[in-house]
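Enquirer: Spelled out, the chains give:
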Amino acid sequence: MATFLNLFASGIATGAIVTLAALGFLITYKATGVVSFAQGDMITLGAYLGVWAAKDLDAPILLAYAVAIVAMFGVGVVMERIVYAPLRGRSVHVIVITTLGAAIVIRALINLWRGADPQYLDSPLRGKVLRVGGAVITYQRVAIVIVTAIVVIALIWAFDRTQTGRQVRALAADRDTARLYGVRAARLSLMAFGLSGALAGLAGVLLGPVGNFDLTLGFSVMLGGFAAAVLGGFGSLGGVVAGAMLIGLAEQLVGGYWLRDYKDAYPYVLMILVIALRPTGLFAKGGHARL
Amino acid sequence: MKAARRAVVVGAFAFVAAACGDDDDTTEADATTTVAETAAPVDTTAAGTDTTVPAVDTTGTATELTEPAKVVMLVEAKGEGPSAVPYFADGAQLAVDEINAAGGVGGLELEYERISAPTDPAAAKTALQKAYDASPTGIVGFPSSGQAVPLAADVKAAGVPFIYLATAPQLLVGGTDSVNDENAFVIRPPNSSLAQEELQYMVDEGATKVALLCVDSPFGETGCNAVEEAADSLGVEIVAREKNGPTDTDLTAQVQAIASAGPDAVIAFDFPNPLGVFATQMIDNGVDVPIMGGASAALAIAAGGVTGPAATNLLGIDDCVPVVDPRPVAADFAEAFETEFGYKAGYGAAEAYDGIYLFKAAIEAAGSTEPAAVSAAMKELTFEGVCDPDYQADAGNGLHDRSYIETFAEDGTPTVVKEITFG
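Chains as they are written, first to last, in the working numbering: chain A, 1 to 291; chain B, 1 to 423.
No wet-lab data here; the hints were simulated from the structure.
Heads up, a few of these hints could be off.
Short derived list, chain B residues pointing at chain A, Cβ under 8 Å [to be verified]:
(1) Gly-245
(2) Thr-252
(3) Gln-256
(4) Gly-304
(5) Gly-305
(6) Gly-308
(7) Arg-327
Here are a few chain A residues that sit away from chain B, every Cβ distance over 12 Å (derived from the structure) [to be verified]:
(8) Ala-59
(9) Ala-66
(10) Leu-87
(11) Arg-90
(12) Asp-117
(13) Ile-137
(14) Gln-163
(15) Thr-177
(16) Leu-190
(17) Leu-207
(18) Phe-219
(19) Phe-283
Ideal placement from N, C-alpha and C gives every residue a C-beta, glycine not left out.
Only chain B is shown next, with the shape it has when bound in the complex (with noise of 0.2 Å):
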C-alpha cells in the first residue's frame, strides 16, 4: 500500500514536472503528449477571425525584424517510424543551415524546431498540438495525405500559416470537402490528373495497347481506375489488368499475364519495391516495354536492384528532379545535399528546403512574424526555388504547378523528358 502511494506521488510529481518543462526533445513525446492535450486552446482570435490583410511589402527587399522568425517542421526522421525517411528533415535543415549562416532571417537567427509527426493521425495530432505550444511563425509538415487530411480543420483553427507537404483536393482553397483553410498553403503539384498525363505520354510515344498493373490499395485502385476511364478517349486499349500485393517479392504469375496480353506499354501504380521486381522479371521474361511507374520508379531505381534494362525500361514521373536541373539554385542545392547528408536529393528534400524558404522570403517581404501578414505574404510571393523555378500560389493556395516525366539510364541516371504544367 505504502509503495502504491509512493508511486501515485512520484507520478503526479513527474506529470507536474513535464508540463512545466521546457521540452526541445522531438523523439520522446510521451512525457508531454497528456500535456499537449489537455492544454488551453491555441488562441486563434488574432489570426483567425480577423479578415483585414493588411498591405504588405512584396518587392522582395529584406526587412528588419522586431523578434526573431521560427519555422517548425512537423515530419518523422529516419528510425522514427515504420515508413520514416529522412529527406524531408535533412532538406529542411540545409536550409535552416544556410539561411542562419547568411544572416537569419530579417536580420535575426532564424529558430526553428522539428517535430517528429507520426503517420498515425491521432499521434500526428498531437505533435501538431506540440508545434503550436512552440508559437511558430510557419509550420511546414505532413508529408501524407493520411496526416494532413483529417488535420485540416485543427490547422485551419490555429490561424498559423501552414505549408503542406502532401497534396489532396481537401487541401486546396475551394477543393472538394476543402476547410478552405486561407493560411494553409499546398507545396506539392496536384496529382488528380497525373494518371491521365502517364497515359497521354504513352500514347505521344506510340502506345495503343496499354497494361496496368495495380498495387493492393486505394492508391494503386484509383490509379488504374482513372487511367481506364481516360483510355477510349485516347484511343487506347487496355489489353490487361493485374493486382499484386504491397510486398510481393515474386511477380511472375502478373508478368505471365501481361506478357501474353501484348501491351505496348505498362502503366503501373505500385509502391516502390515490386515495382522494381516486376521491371526486373520482365526484362528477364524478354517483354522489352515501357513501364510507367510514377514516383515509385525513382526510388525503386535509388535503390540500387534496378539496373540495366530494367532501368531503361522504367518511367517516372517526380514533382522536379534537382539532380538534372541545370538551374543555378537546383544545382547548388543538389550538390549542397549530397555533399552533407551523403546521398541524393529528390523532391520530397526539395520541396522541404523550399518550404523553409518560402517562410523566409514571406516574412521578410511582409516585415512581420504576424500569421496573417506572413500568409498575406505569402499569397502574393513569387519565388524560384529548387523544385519549381516559379512558385505562386493560385486560387487554391496551391505553390507549385508541374511535374516532370524522366527516364532513366542503365546506372539509374536520370533525364527528365517532359515538364507537365497543371492548371
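One chain only, chain A, in its complex shape (with noise of 0.2 Å):
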C-alpha cells in the first residue's frame, strides 16, 4: 500500500507540473494559434532565474520566486515581440520552427551567464515530509500539486469571467470574426505570451528544489505538456489537465510496477493510442476550439 501511494503522489506531482507545462501551450495556442516549443527552455530560465535572484541577490526565497515569476513575464513578451508578431501572418509552421530555434537561443544564453553546472534552488520546503499510510511525500510535491490547482482555477475564473478571458476565448473559436468584432488580436498575444512565460517561471521555481538541475531541466517538461496537450484535447483547458494527469500517472504509476526501465515512454505510448482513436483528444469537442 506505501508503494502505490508514494508512486501515485509521485504521478499526481508529476501531472501537475506538466499542467502547468501544458497550459503554458495552450494559452499561446489559443491566443494565436501558435504552439511554442520554447516553452521547456522557459522553465529552465525561470528555475535559473529563481537561483539568480536567490544566490546574486540575495533576496529572501519567496521573494526571489515572484522575481523569477515577474521576469519570466517580461521574458515572455519580449518573446512575442520578437518571435512572433514579425511573423505574424505568415505560416504557422515558420512560426513554429522558429520557437524551437528561439529555444536553443534560450538555452545558449543561459548557459552563457550561469555555464552548465548544476544548480540548486532552495524551498522553504526543503527536507519536510508529509507521511500518509506508509507512504513518504515531500512538501515540495505537495505544493507543487497545490499551487497548480489555484493557477488552473484561476485560469477558469478568468476565461470565464473576464473581459480579457472572453476575448481570448473568442479569438479561439473564430480570430477573424472576432478581430471584426473589434477583440484586439496584437495585445492578447502579447498578454498571452507574458502569461505563458509566467507559467514557465512558476513551473521552474516549483521544480528546481526538487533536486540539482541543469540546462535540460525543461525539455522533457515540455515534452510532456505538449503530449498532454494533444493527448487531453488542445482545445480544451479541462481536457488539457486531465492528460497531464494522465501523463503523470502513467509514467510513475504504472511504470513502478510494470516494466519500470521503460516508464518514460510509458506517456507517449498512451498519446500515440488515443489520439489514433480519437484524433482530437479525450475532451475535445468535433473541430471547434474551446477553453
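Two chains, two separate frames, one set of hints: put the complex together.
Expert: What follows is the structure, given as C-alpha cells:
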C-alpha cells in the first residue's frame, strides 16, 4: 500500500508540473494559433532566474520566486515581440520552427550566463516530508500540486468571468470574426505570451528545488506538456489538465509496477493510442476550439 | 545579379583575410575552420619518424631555453558548449600565471593559448588543427574520451607531445585498440577497474547485499555490468538493479524497488543530478544505507542539492581531493584556486594545473622545446603534483596511478577514507 501511495503521489506531482507546461502551450495556442516549442527552455530559464535572485541578489527565497515569475512574464512579452510579431500572418509552421530556434538561443544564453554546472534552487519546504499510510511525500511535491490547482482554478475563472478571458475564447473560436468585432488580437497575443512565460517561471521555481538541475531541466517537461495537450485535446483546458494527470500517472504509477526501465516511454505510448482512437484528443469536442 | 557578384567578391576577400590573419580568438572558430581544413598537412617528419631518443638531463635543474615554450590547452570554458565546465581552463590558467610570475620556463615566458574544443569529435578535430597551427611545444586537453579516442590517430600523426585529460584503454600505449602513441600521455588514472574497487570497498565495510542504480547510458550499463561480474567472487548478492533516465527528477519508482529489496549498500553509476535526487529520496523514504556514487557524488554535493543525512550516506571516488590534501603543493593550489576563481577546486582543475607544470618540468629537463626531447623527458620524469604526489609515466604512458574514496559531512565537506593504487 505504501508503494502504491508513493507512486500515486509522485504521479500526481509529475502531472501537476506537466499541467503548468501544457497550460503555457494552451494559452499561446488559443491566443495566437501557435505552439511554442520554447516553453521547456522557458521553464529552465525560470529556475535559473530563481537561483540568480536567491544567490546573486541575496533575496529571501519567496521573493526570489516572485522575481523569477515576474521576469519570465517580461521574457514572454519579449518573445512575442521578437519571435511571433514579426512573423504574424506567415505560415504557422514557420512560426513553430522559429520558436524551436528561440529555445536553442535561450539555452545557449543561459549557458553563457550561468554555465553548464548543476544548480540548486532552495525551498522553504526543503527536507520536510508528509507521511500518509506509510508513504512518504515531500512537502515540495504537495506544494506543486496545490499551486497548480490554484492556477488552474484561477485560469478557469479568468477565461469565464473576465472580459479579457472572453476575448481570448472568442479568438480561439473564430479569429477573423473576433477581430471584426473589435477584439484586439495583437494586445492579447502579448498578454498570452507574457502569461505563458509567467507560468513557465512558476513551473521552474516549483521544479527547481526537487533536486540539482541543469540546462536540460525543462525539456522533458515540455515534451510531457505537449503530449498532455495532444492527449487531452488542445481545445479544452479541462482536457489538458486531465491529459497531464494521465501522463504523470502513466509514467510513475504504471511505470512503477510494470517494465520500470521503460516508464519514460509510457506517456507517449498512451498519447499515440489515444489519438489513434480519437484524433482530437480525449476531451476536445469535434473540430471547434474550446477553452 | 550585381548584388550576388558583389557578395561573392566580398566573401572571397573575407576568406583570404581569415586565412592570412593571426587568429588568437579562441571562441570564433567559423572563420578559420575552412582554412584549417584546407591548410597544408602538419610536417611530422621531424618528430614522428625519428625514433632515436636524445639523452636528456632529468636532474630537474632549470635550463635556459633559446626560444619560448608554448603550451596549448584544448578545453572548453564556461558557456562554450552544453556541457562546458570552467575547471580545466581555470586550473591551467592558474598554472600559467604562476609559472610566468616565477620567471617562466627556461628563463623565458611560457606562451599559452586555450582553444575551445567542443565535445563533438568533428568540431574537436578542427580545434586540434588550430592547436597545431599554433606550433605548440605541447598540448594538454580533450577531457572527454569521446573527443580523445576518435582523434588519437591524428594526435599521433602530428608528433607533438600531448597530455590527455581523459582516460580510456585506447589512449594508453599497449592498450586495447590503442594507436600506441609514444608522444601521448594520460594524466587520469585508469578507470577500467574502478567498479570492482567500489564493490570491494563496500564489501570491506560489511555489505553482502548490494543494489545497483544504473543511468540509461553506456556509462551506467558498463559500470553496473562490471559490478555484477565481480559480485560472485566477492560473495556479494546483487538484490536489485534499477535504471533511470539521465535527466530524471523523480526516482520514486527506483527508490521503492530498491528499498523493498533490502540492500546493505547501493552502488550507483549515474549522472550527478539524478544521483542527488536518488540520495535525497532514499533518506526521505527511510532507507539509510551507504550509496557509492563514483565521481558524480562530489558533483552532486557541490551543486548544493544534497545535504544532511543524504550527503553523509553518499560516497565518492575521485582522482584526487585537493581541498583536503594536506601536502603543501595541494593545499597551496586549493587556496590559490579558490581565491582566484571563487569556487573550490576538484580533480579536473588540479589535473589541468598539473599538466601545465608537467610540461614545464619536461621542457626544462630536456633543455629544449623539440618534441621528441620533451616526450623523452616526460617519460623519465618523477614529479610531485597536486593530484598525484608521484607522477611517473608507466609502460603505457599513464602518469597517474591512484584514486581516492571519499565520504562527505552533512555540509558536503569531503574526507578521504581510502587511497586506491592501480597496477
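Enquirer: Checking hints one by one. Is Gly-245/B an interface residue toward chain A, by the C-beta closer than 8 Å rule?
Expert: The hint holds - Gly-245/B has a Cβ within 8 Å of chain A, the shortest such distance being about 5 Å.
Enquirer: Min Cβ distance, Thr-252/B to chain A: is it shorter than 8 Å?
Expert: 4 Å, holds
Enquirer: Regarding the assertion that Leu-207/A does not contact chain B, is the least Cβ-Cβ distance greater than 12 Å?
Expert: Given that some Cβ of chain B is not farther than 12 Å from that of Leu-207/A, nearest at about 7 Å, it is violated.
Enquirer: With 12 Å as the threshold, tell me whether Leu-87/A passes as away from chain B on beta-carbon distances.
Expert: Its Cβ never comes within 12 Å of chain B, the nearest being 25 Å, so this holds.
Enquirer: Any Cβ of chain B at or closer than 12 Å to Ala-59/A, or is the non-interface label fine?
Expert: 16 Å, holds
Enquirer: For Asp-117/A, which was marked as not at the interface, is the minimum beta-carbon distance to chain B over 12 Å?
Expert: For Asp-117/A, whose nearest Cβ neighbour in chain B is about 6 Å away, the distance does not exceed 12 Å, so it is violated.
Enquirer: Should the hint that Gly-304/B touches chain A count as held when the rule is a Cβ pair under 8 Å?
Expert: With Cβ-Cβ at 4 Å, under 8 Å, it holds.
Enquirer: May I ask you to check that Arg-90/A keeps its beta-carbon over 12 Å from the closest beta-carbon of chain B?
Expert: For Arg-90/A, whose nearest Cβ neighbour in chain B is about 24 Å away, the distance exceeds 12 Å, so it holds.
Enquirer: Going by Cβ atoms, does Ala-66/A stay more than 12 Å from chain B at every point?
Expert: 21 Å, holds
Enquirer: Is the interface hint satisfied for Gln-256/B? The criterion is a beta-carbon contact with chain A at less than 8 Å.
Expert: Where the cut-off is 8 Å and the nearest Cβ of chain A is about 5 Å from Gln-256/B, the hint holds.
Enquirer: Could you check if Gly-308/B really has its C-beta closer than 8 Å to a C-beta on chain A?
Expert: Status holds, d = 7 Å.
Enquirer: Is the nearest CB of chain B more than 12 Å from the CB of Leu-190/A?
Expert: 30 Å, holds
Going down the numbered hints, you'll see the structure goes against 7, 12, 13, 17 and 18, while the others check out.
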